[in-house]
Every structure is written in structure tokens, then in C-alpha cells.
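In case it helps, our numbering puts the sequence shown at residues 1 to 280.
Be aware that one or more of the hints could be misleading.
Stated by the list, open to error - Simulated crosslink set (DSS-like; lysine-lysine; CA at most 27 Å straight-line):
#1 Lys79 - Lys148
#2 Lys114 - Lys79
#3 Lys114 - Lys70
#4 Lys148 - Lys70
#5 Lys148 - Lys114
If you are wondering where the hints come from, they were derived from the structure by calculation, not from laboratory data.
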Amino acid sequence: MSAYARARHIFSGSAALALALWLTQAASPAEPVDVELVLAVDVSLSMSPAELEIQRHGYAAALTHDNVLKAIADGTYGKIAVTYVEWAGTTWQRVVVPWTVIANRADAEGFVAKLDANPPDSARRTSISGALSFGSDLFAESGFQGTKRVIDVSGDGPNNQGAPVDLTRDEVVRQGITINGLPLMTRGGFSGAFDVENLDRYYSDCVIGGPGAFMVPVNDWTQFPEAIRRKLVLELAGPASPQWAAEEAAHAPIVLADDKSAADCQAGEKMWRNRGWGTP
Numbered sequence: 001m002s003a004y005a006r007a008r009h010i011f012s013g014s015a016a017l018a019l020a021l022w023l024t025q026a027a028s029p030a031e032p033v034d035v036e037l038v039l040a041v042d043v044s045l046s047m048s049p050a051e052l053e054i055q056r057h058g059y060a061a062a063l064t065h066d067n068v069l070k071a072i073a074d075g076t077y078g079k080i081a082v083t084y085v086e087w088a089g090t091t092w093q094r095v096v097v098p099w100t101v102i103a104n105r106a107d108a109e110g111f112v113a114k115l116d117a118n119p120p121d122s123a124r125r126t127s128i129s130g131a132l133s134f135g136s137d138l139f140a141e142s143g144f145q146g147t148k149r150v151i152d153v154s155g156d157g158p159n160n161q162g163a164p165v166d167l168t169r170d171e172v173v174r175q176g177i178t179i180n181g182l183p184l185m186t187r188g189g190f191s192g193a194f195d196v197e198n199l200d201r202y203y204s205d206c207v208i209g210g211p212g213a214f215m216v217p218v219n220d221w222t223q224f225p226e227a228i229r230r231k232l233v234l235e236l237a238g239p240a241s242p243q244w245a246a247e248e249a250a251h252a253p254i255v256l257a258d259d260k261s262a263a264d265c266q267a268g269e270k271m272w273r274n275r276g277w278g279t280p
């Protein structure tokens, strides 16, 4: 065999091996989990540094709470896949913690350690629609197969940049993804002129959607850690569970998705256009 022929033979063999490995990886089944959960957290400039820290600490405490870990353990597979994303304007999204399996306390503490290693950042504008689109794309690369796919979006104001939030919500829901909400009606940051009167109504009508969608309003930052804990338990347990009934009976109302829109889903965009500034 000539040197040229040997080279062709070796190259062909290497290419075939690479192709076989790629096909094997592509055909590998996704790891089953009870829930694939995107935690999409608002870090727009309307949030003060203190509020950003409260958010971080609230999520960290909730993920390691006994009730949340029990809800995870009670699932069919006893594990979930979670990723933590920060968002602001249309093109500003940051994966702080990539997809991670949580099946026990050690897993949860490992997730929190990664979260603590990356301090919160912030940026201008508020694009809930951008966060939803970004979050929905993450499921395709998760490597997991969840019984449920959920985007858990928290924020302190309406959409004011990017695609209309209600249309994006509908597009995401059509993919079989549930969107739950945590409207932050705290009035403690820098939002001021861009607050909407009833952010909970806005979230109910314009943001949340999909099977079993709900939201937990937060009226004061002291409520935030407990609200996050409740929300995670409910997302993992589902509306038909004893945990849901117990939480609903013991705490503030859980607001389910409303099919009839009453809020103005363009309220944020209108306020931004009428602000009187020169910045686009």
C-alpha cells in the first residue's frame, strides 16, 4: 500500500470513528427528571444593590430548604434540573449557574455555592419577553427530559423593550412550557416612574401561562425568601398536591393564570415612549 493510500485509509478510519462517536452522543437518551426549571431573575437597574442581594439570598435559602428538598425527593424520579439566569434588556441575559441536577441537599448546596461565586450584575431596560425567549431556548440544550418544563420569572416592572410580552408568552406556552411568575411590588428600588399600578394583574394577564401556571405576588422584601420557598414547593408539587392545598390555606393567595386579559400588556412600552428622554 502506498503512503498516499495508507494516509487515505487512516483518515477514513478516523473520520468514521469520529462520526460513530458523534452519532452515539446524539442518540444518547436525555436524563429523566421531574422538572426542568429555569429561574429567570430580573437584574434591571430598577433593582437596588440591596434588592439584588435579597433576591440572591432568597433563592439560595429556598433551594436548600427542607420543604423544597422534600418536594424534590417526593417526585417520580426524585430529582430536578435547574439553571439560574439573570436578565434585563432585550439582549442582556446571563446564565449564572448552568443546568444542574438537584436530588439532595449536597446537590442543592453545590448549586448555591456556584451562585455565591458569581455576584449579581445589572443592566438597563426590562425585557420580560427577551427573558422568556432566552429561557425557552435553554431547554433544547439541557440534556434532560423533564415531566414538566417551567420558566420561573421574577421582576419588579412591566416589559418595556423587545417583543410584546403576551405574544412571546403565547409562543413559549405553545412549546409545552409553563411560565410562573413572582411579581415584585415592593417599590423599594429605582423604578419610580416605570411602575405599573397592579403588577400582579399585569403578570397574571400578560406573563404567566401554560398548564397549572400561577404566580406568588411579593408586596414587601421581607416576604421574598418565604415567597420563593413557597413558589418552588408549588412548582415541584403541582396544583393537585396536598402541599398546594396546605400552602394556599396557610399563606397569601396563589393567583392562577387568567384567560381573560384585563391589564394593558403594552403598559411598559407606553410609559417608556412617553418618558420624555432622548435615550431610545
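Outcome of the hint check:
| no. | hint | verdict |
| --- | --- | --- |
| 1 | Lys79 - Lys148 | holds, 12 Å |
| 2 | Lys114 - Lys79 | holds, 18 Å |
| 3 | Lys114 - Lys70 | holds, 22 Å |
| 4 | Lys148 - Lys70 | holds, 18 Å |
| 5 | Lys148 - Lys114 | holds, 24 Å |
Every hint, counting from the list given before, is met by this structure.
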